[in-house]
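Protein sequences, first through last, are from chains A and B. If you read the first sequence in our numbering, its first letter stands for residue 1, the second for the next number, and so on. If you read the second sequence in our numbering, its first letter stands for residue 1, the second for the next number, and so on.
Treat each hint with caution, since some may be false.
Label pairs and their computed distance ranges (CB to CB) [unchecked claim]: (1) 33/A / 332/B: 49 to 59 Å; (2) 407/B / 147/A: 54 to 64 Å; (3) 306/B / 237/A: 56 to 66 Å; (4) 60/B / 53/A: 35 to 45 Å.
Selected chain B positions facing chain A (in silico; Cβ < 8 Å) [stated by the list, open to error]: (5) 33; (6) 35; (7) 58; (8) 63; (9) 77; (10) 146; (11) 148.
For the record, the hints were derived by calculation from the structure and aren't laboratory data. Remember, it's a predicted structure, so these values are computed and weren't measured experimentally. Where is the CB? At the ideal position from N, CA and C, for every residue including glycine.
Number of protein chains: 2
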Amino acid sequence: MKTCVQKFGGSSLISVKQRKQVVDRITRTINDGYQPVVVVSAMGRAKDPYATDTLIELVKEINSDPCLRNMDMLLSCGEIISAVVLAETLNQLGYTAVALTGWQSGIITDENFGNARILSVNTDLITKLLEEGKIPIVTGFQGCTLSGEVTTLGRGGSDTTAVALGAALSCDTVEIYTDVDGVKTADPRLIPDAPTISSITYQEIMELAHLGTRVIHPRAVEIAMEAGIELKILGLDQLSCGTIIRKGLSGRIDPKQISDRVVTGIAQITGCAHVKISGVEDFNKSHLTLIIFDILATKGVSVDLIYLSPKLIAFIIDDKMSALVREVLADLGLNITVDLGYAKVSVVGAGMHGVPGVMARVVRSLDQANVPIYQTTDSHANISCLIKEKKLAAAVRALFDEFELSKEGVN
Amino acid sequence: MKTCVQKFGGSSLISVKQRKQVVDRITRTINDGYQPVVVVSAMGRAKDPYATDTLIELVKEINSDPCLRNMDMLLSCGEIISAVVLAETLNQLGYTAVALTGWQSGIITDENFGNARILSVNTDLITKLLEEGKIPIVTGFQGCTLSGEVTTLGRGGSDTTAVALGAALSCDTVEIYTDVDGVKTADPRLIPDAPTISSITYQEIMELAHLGTRVIHPRAVEIAMEAGIELKILGLDQLSCGTIIRKGLSGRIDPKQISDRVVTGIAQITGCAHVKISGVEDFNKSHLTLIIFDILATKGVSVDLIYLSPKLIAFIIDDKMSALVREVLADLGLNITVDLGYAKVSVVGAGMHGVPGVMARVVRSLDQANVPIYQTTDSHANISCLIKEKKLAAAVRALFDEFELSKEGVN
Numbered sequence: 001m002k003t004c005v006q007k008f009g010g011s012s013l014i015s016v017k018q019r020k021q022v023v024d025r026i027t028r029t030i031n032d033g034y035q036p037v038v039v040v041s042a043m044g045r046a047k048d049p050y051a052t053d054t055l056i057e058l059v060k061e062i063n064s065d066p067c068l069r070n071m072d073m074l075l076s077c078g079e080i081i082s083a084v085v086l087a088e089t090l091n092q093l094g095y096t097a098v099a100l101t102g103w104q105s106g107i108i109t110d111e112n113f114g115n116a117r118i119l120s121v122n123t124d125l126i127t128k129l130l131e132e133g134k135i136p137i138v139t140g141f142q143g144c145t146l147s148g149e150v151t152t153l154g155r156g157g158s159d160t161t162a163v164a165l166g167a168a169l170s171c172d173t174v175e176i177y178t179d180v181d182g183v184k185t186a187d188p189r190l191i192p193d194a195p196t197i198s199s200i201t202y203q204e205i206m207e208l209a210h211l212g213t214r215v216i217h218p219r220a221v222e223i224a225m226e227a228g229i230e231l232k233i234l235g236l237d238q239l240s241c242g243t244i245i246r247k248g249l250s251g252r253i254d255p256k257q258i259s260d261r262v263v264t265g266i267a268q269i270t271g272c273a274h275v276k277i278s279g280v281e282d283f284n285k286s287h288l289t290l291i292i293f294d295i296l297a298t299k300g301v302s303v304d305l306i307y308l309s310p311k312l313i314a315f316i317i318d319d320k321m322s323a324l325v326r327e328v329l330a331d332l333g334l335n336i337t338v339d340l341g342y343a344k345v346s347v348v349g350a351g352m353h354g355v356p357g358v359m360a361r362v363v364r365s366l367d368q369a370n371v372p373i374y375q376t377t378d379s380h381a382n383i384s385c386l387i388k389e390k391k392l393a394a395a396v397r398a399l400f401d402e403f404e405l406s407k408e409g410v411n
Numbered sequence: 001m002k003t004c005v006q007k008f009g010g011s012s013l014i015s016v017k018q019r020k021q022v023v024d025r026i027t028r029t030i031n032d033g034y035q036p037v038v039v040v041s042a043m044g045r046a047k048d049p050y051a052t053d054t055l056i057e058l059v060k061e062i063n064s065d066p067c068l069r070n071m072d073m074l075l076s077c078g079e080i081i082s083a084v085v086l087a088e089t090l091n092q093l094g095y096t097a098v099a100l101t102g103w104q105s106g107i108i109t110d111e112n113f114g115n116a117r118i119l120s121v122n123t124d125l126i127t128k129l130l131e132e133g134k135i136p137i138v139t140g141f142q143g144c145t146l147s148g149e150v151t152t153l154g155r156g157g158s159d160t161t162a163v164a165l166g167a168a169l170s171c172d173t174v175e176i177y178t179d180v181d182g183v184k185t186a187d188p189r190l191i192p193d194a195p196t197i198s199s200i201t202y203q204e205i206m207e208l209a210h211l212g213t214r215v216i217h218p219r220a221v222e223i224a225m226e227a228g229i230e231l232k233i234l235g236l237d238q239l240s241c242g243t244i245i246r247k248g249l250s251g252r253i254d255p256k257q258i259s260d261r262v263v264t265g266i267a268q269i270t271g272c273a274h275v276k277i278s279g280v281e282d283f284n285k286s287h288l289t290l291i292i293f294d295i296l297a298t299k300g301v302s303v304d305l306i307y308l309s310p311k312l313i314a315f316i317i318d319d320k321m322s323a324l325v326r327e328v329l330a331d332l333g334l335n336i337t338v339d340l341g342y343a344k345v346s347v348v349g350a351g352m353h354g355v356p357g358v359m360a361r362v363v364r365s366l367d368q369a370n371v372p373i374y375q376t377t378d379s380h381a382n383i384s385c386l387i388k389e390k391k392l393a394a395a396v397r398a399l400f401d402e403f404e405l406s407k408e409g410v411n
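Same shape as in the complex, but just chain A (with noise of 0.2 Å):
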């Protein structure tokens, strides 16, 4: 029999509505002649009693810079009870599922806690509970070290291991629920009528991922694309038919389906601080481009949207960010300015690789609806803008316009 992986948020575990959804979701499978390997993450945070964010902070506030070995432990426990919730949904319903940890998964990754990459899958366990007719519930984010160390994958760990076991297991397909119905071609917060977006390739979703869409993690899609998985990303809801992620024709999507697709969608990252450096005759005579990016790789602190010049060296960073970067720059002597109150938007699309204009109509629509640009960034399938983060919806409505992105998605 054929296994398919379905990988369902904790958040969609909380309510009796959203667990049968859920359930509802993984017989559809088992009637279509599946077995259903099921991954979830964790139940609440901040908000809920059994909310992992509530431990956290009872850690932090007893040891600000608690060892992060310890504290994968703890957060290993939020899947845990995720995993058990819908074990016993299932179980009460009259089927056997059997809540699994990470390692009894065989979830093996490297020592990097935190933020371990998976290095191995044992599927001897779960192949052995299929066998026997029950379906597994593992626990997304968290596997365990060789030498029996707790790991947590960091952020969108739940899909990483998702897509793992689709790849362990030889799955054509791997389900990834989320609260919206697949991918939108913008933002729906900001166009409510964005529609989504019925099938993209793996480059264009990591695009998408990379530069600020929150659906799926950039490093899930990259294990999907190397063992050739198909991903659906789908609404709980039965009627939703969601996006579905796959191989591109000749870094195309399907020409039959889409012929004329540029963009694929719009994505925007917010809380940026945009950072420009000056006073001296000339960065390159110096090695002060070289000290600034050690300083700050040391000091942990991310930049992007990089412009390096003779005279001017500008970059963003996570506004968060920006009293630290002031205070380990200020001893270099230079003019330094932290601005905060930016946001990035993109444009992407597999398809604007040798089209040309691209550019012309990003720069045009937003510069007719009164949004200036700061700094630009591009490659073959993107283009990014620097821009004023209140400026935001009214860059993204002039963008989703003049693409065209509202007709995209009729399945």
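Dock chain B against chain A, hints included.
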């Protein structure tokens, strides 16, 4: 270097003040030249946001009869939380403490989920951590089967973990910290001036534990006795000298210290229902006795204080079981009464064996205090009386005075 196992209840990790006391107890052990191995139980139950009871309720709302295996996995999170909290409290102070799950601590159990028995302890990892100068913080109450299933040890399981580790690590002493200063001669809620018993035999403490004194689990005492480990029951306060549990001399406490102690302490169990069954010519001439106890065993009803006679069968049960017992015995065509509101009060002392007149003193003191006795039982080391629960305080006070238990415990 010598090792000392110290077990702390999870409730002593909730407040800053108590955590400080716990740390003081651990550091004092280090200063005394020992390497501590710390065992913790789950932090809060129902009242706290990080309570396991909240989780149990959540699952039981979904499935009133959840799979014990899955529930054990859920329950194991409670002690993991405690272990991480204590480890990070110590790390903050410059120690290196490592939280360990039951399976990481090498606690191997049978597969009796919810009430598993420790089969063996593999101390390799703990020994390695001790050699590295680290403080292992072990999650009590939990273990792992040989096939990798998470198990819990049932009530008092953390005490059992502590003693089993003490035995495996060849410790001389295991310290069990509680919220009272050792074992009192009577329940301090009933007799506020009841002194602490300074020294008690394994057998006496087991009797007291079985008869209702909630200080340490009998199973933990049994392991300690078999391994010849001295147990200390201590309060968190630095001034607490607590109670030492060790071998008696020919079944008695060290005679130099306490030469004439007949009764060591008083224990009680409340919430009892008294079941009386009659209505046959002779129970001996029917199979009804067997049928009755078979039915009760099948339904999981524990019976105690059993009295069998030709015309009458009587016993006590937990009053929560009353309705069930009435129901399952209804069809036998017998006269059955189930009366609520009873308590069992017991005097315990290894020294009462062979001492004449102890039962007479019990009966006289209860009679003088106007406490009717509804049933009794006795062994070589205890006498138990069934009384009305509303008479409990009077009964305990009468026995406390009769056996001069206010004199006990001067260290």
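Evaluation of the provided hints:
1. 33/A / 332/B: 49 to 59 Å: 52 Å, holds
2. 407/B / 147/A: 54 to 64 Å: About 55 Å separates the Cβ atoms of residue 407/B and residue 147/A, which means 54 to 64 Å holds.
3. 306/B / 237/A: 56 to 66 Å: Hint holds: Cβ distance 59 Å, inside 56 to 66 Å.
4. 60/B / 53/A: 35 to 45 Å: Taking Cβ atoms as reference, residue 60/B and residue 53/A lie about 24 Å apart, which means the hint is violated.
5. 33: 26 Å, violated
6. 35: Violated, about 19 Å.
7. 58: 6 Å, holds
8. 63: Holds, because the Cβ-Cβ distance from residue 63/B to chain A comes to roughly 4 Å (cut-off 8 Å).
9. 77: Result: holds, 4 Å to nearest chain A Cβ.
10. 146: With a closest approach of 13 Å, the residue 146/B hint is violated.
11. 148: With Cβ-Cβ at 6 Å, under 8 Å, it holds.
In summary, the numbered hints that this structure violates are 4, 5, 6, 10.
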